[in-house]
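Go by the hints and put chain B onto chain P.
Protein chains in written order, with this note's numbering: chain P, -4 to 557; chain B, 5 to 283.
No wet-lab data here; the hints were simulated from the structure.
These numbers were taken from a predicted model, which means no experiment stands behind them.
Glycine is no exception: its CB is placed at the ideal position from the N, C-alpha and C atoms.
There could be a bad hint or two in this list.
Claimed, not checked - With a straight-line Cα cutoff of 30 angstroms, these simulated DSS-like cross-link-like pairs (lysine-lysine) come out:
#, chain 1, residue 1, chain 2, residue 2
1, P, K473, P, K543
2, B, K62, B, K273
3, P, K310, P, K295
4, B, K62, P, K191
5, P, K543, B, K62
6, P, K134, B, K62
7, P, K191, B, K98
8, P, K258, P, K295
9, B, K257, B, K198
10, B, K81, P, K134
11, B, K81, P, K78
12, P, K134, P, K149
13, P, K134, B, K152
14, B, K198, P, K134
15, P, K134, B, K98
16, P, K149, B, K98
17, P, K266, P, K295
18, P, K258, P, K310
19, P, K170, P, K78
20, P, K24, P, K266
21, B, K151, B, K198
22, P, K543, B, K273
23, P, K170, P, K266
24, B, K198, P, K414
25, P, K134, P, K191
Claimed, not checked - Listing some non-contacts, in silico: residues in chain P with all C-beta distances to chain B over 12 angstroms:
#, residue
26, L59
27, A63
28, E73
29, R92
30, G93
31, S100
32, Q215
33, L268
34, L360
35, D544
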Amino acid sequence: MELNESDPNPAENIETFNRRPLDGLTLKKLIEAGLSWLRTNQQTVNALNVFPVPDGDTGTNMVLTMQAALDEISNSSERNFGKMAHAVAQGALMGARGNSGVILSQLWRGFARSVDNQEALNAANLAQAFASARDTAYKGVVRPVEGTILTVAKDIATEANEALKDNTDPVAMLKRVVEAADLSVQRTPDLLPVLKDAGVVDSGGKGLFFILEGMLRFIQGQSLETPLSYVQPLSSIKIDETMTMVEPGQDYELVIDFYPQGKLDLEGFYKHLEEIGTSIQLGEGDGMYRLHIHVPTENKYVPIEYIESFATMQKVTIENLLAQLEQIQNQEKDSQINLTPIEPGQIAVIAVAPGKGIGRVFASLGVANLVAGGQTMNPSTQEILNAFENLPTDKIVLLPNNKNIIGAADNAAGLTVKKVAVIPSKTIPQGLASMLRLSPHGNFDEVVQEMIAALDEVESGEITQATRSVEINGISVKEGEFIALLNNKLVYASSSLEASCLGLLERGHAEHFELITMFYGMEMEPTVVTQIEDAVRRAYPMHEIEIKDGGQPHYHFIISLE
Amino acid sequence: MKSTIAIVTDSTADIPENVLQEHSIHMVNNLVIIDGHSYQDRVDISRQEFYQKLPGMKTFPSTATASPGLYQTLYEKLLQGGVEFILSIHASSKLSGIYNAARLAAQAFNERVTVVDSQNISMGLGFQVIVAAEAVQEGLPIHAILKKIVNLRNRLHLVAMLDTLEYIRRSGRVAWMRARLGDMLQIKPLLEVKHGDVLSLGEVRTHRKGIIRLIGMIKSLEPLERLAILHTNAEQDALELLESITLNNLSMKFIVNVTTVIGSHVGPKGLGFTAIKAN
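Chain B extracted, bound-state conformation:
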């Protein structure tokens, strides 16, 4: 009998719903906590609503990973349902506790559950999950899928321009950002997620210049295999960014309004991309 492999990820992967269904990807929702109330990502609160309310919230929202117990329950259900192995791929362990929660839950199932630290977030994680799901459909075994993920990771670039330093500094997840004063002048940081960490690519002072820099960066990565334009409720900017680059031979292209769980830490009006260079 051919082995069956289930792919599990979490809601920071930002994969569009239709792609999740098409590839039978199981997504565990994280939580966002607003003024003391917990909301399940993707279920209890819409992204548009969240970002519209974000600047006016009394306290900054915080986020929480689903509990290890929840992961354990899902793994159990899948394994009892006939799945032989599980590949559980999650947001960078340097930025969130999600990977750890999944890792702890997996301990009960030994080699039947493999938990992967994607070293990335949003579609930087999402594309890794999609590639893994495609490989499952091709019938590849776990070790070959892991190889594909690593190959993809080496071609993957996630860059974003945040509209303000405020949210990410306050979130405290980027240590060097915490240490910086940075607010003497209004600046918009350009950030890259690499090897699981958030790195600086400098700053811009106007939105327009930021978009020009993003376009330049995408073009410098061509030829591309896949591209996702990421935004935190800045759909017009995202469309403009996508339109201003003419790309051929893309096998996959999305525009993604980023999950509230990441949005809580970066704030509204951010714009960026995840690009996969061609092999």
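Chain P with its partners taken away, still in its complex shape:
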């Protein structure tokens, strides 16, 4: 992008820049530079998203806002700094896009307000303008949150004020401000947990940093077009300890420490490495460089060979990320279930669940704790009591999910000072249906009524194997046959598991329902599950069918009809 069509040599250096007054025309150039650099790094800012999918648009919104500011002044040859700044602010206000854009427009508004009619700025004016920008931006938000662009604006103003004490000129001040903004952005995850959880820094703050850095880069005569990879301090190189996912082409992680022979050509270095791998980071300390890169399997030795061609290597570590990931995932399978944290005073539900998979489903629906148990493994009163005694609330709902456990749950309710309601759920499907009615902040008695009412909204089926030959309800069963229980009553028996499942659905009048959910047990082979799933889909092509790993013992399937 042309920085200034009337200027044949847009790249400046600090000396020549310092000789120019910080006037309206200079501001215009700086705005152009800030926008250029922000646009160059737009995707980087967009990718700083707290959600798992890269659909962020902060970078785009800030670019559009700055573009509107530039459009406003593009035909202006105003020399007065204050007037130019006001035009910038007006343009930003008109074009402000998204929350980050609105805050950006308020930063410019505060900035402009402070420099009102000034011909040119000195360092003191500039520090004042940063302070005014900060104040206006904070007021420009209904509920200011730290760890965002606001915090970065605040740290910028503070640093500018510090720099002023050291008698700096505006350019030196900008330099310090850019460094402060960089550090401030890096600190945002410490202030805003949602950023920390997502492993990102604040996108708006990063955008603001790029705008200021673009101005500085322009002054220093650096390119505004290629997104630069940075050389960081060694300590800040992030080596992945745990990965929850590995993207294609990131099979191996390499960390290489090396001393280059002569000066490292950074641009060429990065260009070369970008063809080999991703997640490139470069650190430097005391002349030693540390490279971090992710590469696909076929490239796992390529960075080593490349670096050897111009440097002395000190240390190389190679980690197989795919293998690590597999290990982590296996651990996770057996690891703890994510229970819902309970806020004081809210209603907490404790569910009895016979398997990990079913426990996970209950957890995903918001239970506060789980008790292992079910048919032939009834938990004790004490176990149930332990599950809720330490929760920070006295409003407890118990879902026994088995008729033989309701008694123990009632006993537990009688042994505590907490207010406990036992929902008489006799099956897992009943427990799940009841769970769906939970409003954690609702009126306790009303919520309990709702949860009880929900028990009848679902038909429960179970498939298990007969342990002896018997005749019940006119159905004769041979030992080892697969028997189908509908709402705890025997309705079908067959030597075929598939026939037994279909028999259950037929007796349960599945055709009257919309949704069939099947939880398969811990002993089920995946191929058998698939085969039965196919049979059910063929028999009920119009139904929604969900198959889940229930992990329960004894029961091949637990089935709900809704």
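Positioned in the frame of chain P, the structure of chain B alone reads:
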């Protein structure tokens, strides 16, 4: 001379076009951004088209408020055109930046522009705007109109069943939703907008049960003064919902295909209502 008051709102209010015209309500359009292109709500893209395309979009659409500058320009135009005061009523500030954009724009006009956080969205906002416009036509002053809005707000209930958790979780605007796993089982959340926030009313697993719950909730609120059935391209369901409740003495009744700006965050096939209990 009698004072003149203009009513301004934004396109999340979901007020049908004929009602807007009838009450001279000024509506500022928000933006929806699909695959990098910006579309003005109500102007550049039809709701039917939007919802049909929504499940197949490469990236989830995002939304943006009109800029503070746009609000400022509109306020300026209205005030210069002879309006004495402006009442600008907008979507909940906890869910969107619209209120903030309007608030910032209003700063330039002091007490001549009053910006109101409706603490609601869609027709939960829309009914507040309509009541304000009716009050203007009755010749009431600003403070009396604000009182009417608060009175209405206390009688207002907005409930919706979403077809999927996916959109609202991804939108990130409902913090507790973000924290939830929720996708172990296919569920349809029942949500309520209250005091500006989105609250949970539990979940259902089938559409049919959701409709039954919605009917039950509407009936429990009777007698009603006004009702809007809201949907995101589920007109058949909306008609069915409306037909299955026999309501007398309603002074106002709509079926609304919800704006793309809200639809981006809740997804297609949602169904709900805004009901105003009788005074």
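query: So is R92(P) really clear of chain B, every C-beta pair being over 12 angstroms apart?
result: 5 angstroms, violated
query: When you check the alpha-carbon spacing of K266(P) and K295(P), does it fall within 30 angstroms?
result: 17 angstroms, holds
query: Taking 30 angstroms as the top limit, are the C-alpha atoms of K310(P) and K295(P) close enough?
result: Answer holds: K310(P) to K295(P) is near 15 angstroms, not above 30 angstroms.
- prompt: Going by Cβ atoms, does A63(P) stay more than 12 angstroms from chain B at every point?
  reply: 8 angstroms, violated
Satisfaction of hint between K266(P) and K170(P), Cα-Cα up to 30 angstroms: Between K170(P) and K266(P) the Cα gap is close to 27 angstroms, so the pair holds against 30 angstroms.
- request: Decide if the proposed pair is consistent with the structure: K543(P) and K62(B), CA atoms, cutoff 30 angstroms inclusive.
  value: 28 angstroms, holds
message: Would the hint linking K257(B) and K198(B) be met if the CA-CA limit is 30 angstroms?
response: Status holds; Cα separation ~21 angstroms.
field: Restraint check for K81(B) with K78(P), where alpha carbons must lie at most 30 angstroms apart
entry: 24 angstroms, holds
- prompt: Is the straight-line distance between the alpha-carbon of K134(P) and that of K98(B) 30 angstroms or less?
  reply: 16 angstroms, holds
message: Verify this label for me: L59(P) is non-interface relative to chain B, using a Cβ-Cβ cutoff of 12 angstroms.
response: 9 angstroms, violated
- prompt: Are the Cα positions of K543(P) and K273(B) separated by 30 angstroms at most?
  reply: At roughly 25 angstroms apart (the allowed maximum being 30 angstroms), K273(B) and K543(P) satisfy the hint.
- prompt: S100(P) clear of chain B by more than 12 angstroms, beta carbon to beta carbon?
  reply: 7 angstroms, violated
Comparing the model with each numbered hint stated earlier shows that hints 6, 26, 27, 29, 30, 31, 34, 35 do not hold.
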